[in-house]
Amino acid sequence: MVLVLLCVIITIINPNFLSFSNFVRISQAAMIPLVLGLGATFIILMGSIDLSVEGGLTLSTVILSMLVLNGANSNDLGLLAVLIVLAVGAGLGLVNGVIHVHLKVPSFMTTLGVWFIGVGAANALLGGMAIRINDPFIRGLAIERFLGFPRGVWLALGCLVVALVIQNYTRLGRYIYALGGGEELAALSGISVARVRIMAFTLAGIFYAIGGILAAAQLGLGNAQIGNGRLFTTVTAVVVGGTALSGGHGSVLQTLVGVLIVVVLSNGMVLMGVPPSVQIGVQGLMIIAAVALSIDRKLMRIVK
Amino acid sequence: MSGLADRIGTDRLRQWLPLVTLIVLVIIVGTMQPVFLQPSTLLQLASDTAVLFILATGVTFVIMLGGIDLSIQSMASLASVIVALTVARLGYGAFALAIGIGVLAGLLSGLAHVRLKIPSFIATLASGGVLYSSALVISGERSITLPDTERAYQTWITGTPFGIPNVIIIGLVVLLVAHLLQSHTRFGRYSAAIGAGEPAAYASGVKVSRQKILAFMLSGGFAALAGVVLAGRLASGSPTLAAELLLPSIAAVVVGGTAITGGVGSIWRTLVGALIISVVRIGMTFLGVNIFAQNIVFGVVLIVAVATTIDRSKIPIVK
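These protein sequences, in sequence, are chains R and V. Position in the first sequence (from 1) plus 1 gives the number in our numbering. Position in the second sequence (from 1) plus 123 gives the number in our numbering.
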């Protein structure tokens, strides 16, 4: 509803909004937030939070840029590099999950730590440089088109399908909902809560790594600032889509809607000539409004 | 594995571990680099710790209640921009303005958290974004250097009247004020009560909402003060001036032994924690660790400290 209304308003103000080239622009801007948001949705559905989005993405981008054909060293691993990066993302997510579950550290603290570990590691690897990516396959994700849209957009849509399948047709997906709906109940019905949590964080880590690959493709280089601001957009998209922070309610499709709202709004603001720096503030207000309007909050007596 | 974590977290260790860690660290760094123990280096260390300590002090009040404030670095940066932009016209009033806006921002975060029932980490993540955006807009997205003519106003921050830098004195005043607030006011006792058990505090008639809002106002005010001091020391204001300080500040609070679950903690622990962070940072610099890579160490330190200080009996379900 909000999305449709938003599109109508922006079209009235600036008819260019409805042009095909603008659709492509929106899809390009939406592909990375969508992939990141899909990962974060699974975590938020459990009632946890993942602040390590930027850490996973930055480290993935930097490692990718060092392993494929690039301007700084003679590596050229091609697709193998992509697999390594996915493994790195999964590993970082696994670390999140294991610390969170086995040391019983609240997820926002664990992932806050891992966020900075990831960015710090990326910085240590680069030493302040930026590495140019020359690999034709990676660059092609952003440049080469299929049916008018860049390949990266199709990749993001593929991720959406995978996430939908995991959410609706696997035990992991059902267990994640069960955990968010009520953890004691889930544990009593024989679900291994620890395993589900660790798997969900690992899964999220893989999605952040894919986000990192897309970011590397879009910018054509790996640097340690590539993740700046992405956590904010991701969390905004997920909660604006209507997934409740208390867990149990929401879906990856709602995240798609949330991402489109955020991206269309910022696209609209660009068309209306609002400077990008204002958009961060608008997103902040959107988070507060979306969470305040979400349903489950009235059931909670203590909010920390 | 969780059994091990529980054993490490016994009460006695929790209380003395931070101070012992600090002393051991000082001895280690001191033996590696004897220069470190000279009075001038120690004064430098104390001055460098002051900003971190002021930020950490503010957030200590919020953590004592069992909440968190993720907007402090944005607030401090915004304060530095406000000072840089207005000091020419308002003189000393610029500092008051910056701190006033800090308190106001804390009030708004607190209201969003309490009235709209938004978890504090998400409310302050969002308000931090709003503050960062404001700083970007009013500064025109650039760093503003203070001209020499306006630096006279900064001497209360940068001066060294009796061989001791004023920054250290500001830090000590903050310590004193925060200690009084925590140990000798109703607010301090209520905060500890809410952190220890919110339903019990609520049932005994404590106005929980008001204490929470007050804690966020203090956090915002101290964050702004930290930004003002930072602007004075660096003679500039910028929307990213304090961006690297969020993690060290929270790490300082929990490394000092204040539990992230609330109820247990004090300003003195935060002081010890802030000193530990500074000594670790200087030690790493001596060892030649890249300044950005130091975040890896702080991230690990944060997780280890939280894991050892947390009161697990209070959270049956860890989310």
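Bear in mind the hints are in silico, worked out from the structure with no lab data behind them. Please note that a few of the clues may not be correct.
Said to hold, decoys possible - Pairwise CB distance ranges (calculated):
#, chain 1, residue 1, chain 2, residue 2, range
1, V, G320, R, S193, 45 to 51 Å
2, V, H302, R, G230, 47 to 53 Å
3, R, N17, V, E264, 52 to 58 Å
4, V, W279, R, N15, 32 to 38 Å
5, V, G214, R, G230, 44 to 50 Å
6, R, L6, V, A211, 44 to 50 Å
7, R, L294, V, S332, 34 to 40 Å
8, R, A195, V, L410, 34 to 40 Å
9, V, V423, R, L220, 27 to 33 Å
10, V, S163, R, L294, 55 to 61 Å
Glycine residues also receive a C-beta, built at the ideal position from the N, C-alpha and C atoms.
Hint-by-hint comparison with the structure:
1. V/G320 - R/S193: 45 to 51 Å: Violated: the Cβ-Cβ distance is about 31 Å, outside 45 to 51 Å.
2. V/H302 - R/G230: 47 to 53 Å: About 38 Å separates the Cβ atoms of V/H302 and R/G230, which means 47 to 53 Å is violated.
3. R/N17 - V/E264: 52 to 58 Å: violated (26 Å)
4. V/W279 - R/N15: 32 to 38 Å: violated (51 Å)
5. V/G214 - R/G230: 44 to 50 Å: violated (35 Å)
6. R/L6 - V/A211: 44 to 50 Å: Holds: the Cβ-Cβ distance is about 45 Å, inside 44 to 50 Å.
7. R/L294 - V/S332: 34 to 40 Å: Since the Cβ atoms of R/L294 and V/S332 sit about 20 Å apart, the hinted range of 34 to 40 Å is violated.
8. R/A195 - V/L410: 34 to 40 Å: Since the Cβ atoms of R/A195 and V/L410 sit about 37 Å apart, the hinted range of 34 to 40 Å holds.
9. V/V423 - R/L220: 27 to 33 Å: holds (29 Å)
10. V/S163 - R/L294: 55 to 61 Å: Taking Cβ atoms as reference, V/S163 and R/L294 lie about 56 Å apart, which means the hint holds.
Consistency with the previously given hints fails for numbers 1, 2, 3, 4, 5, 7, ordered from lowest to highest.
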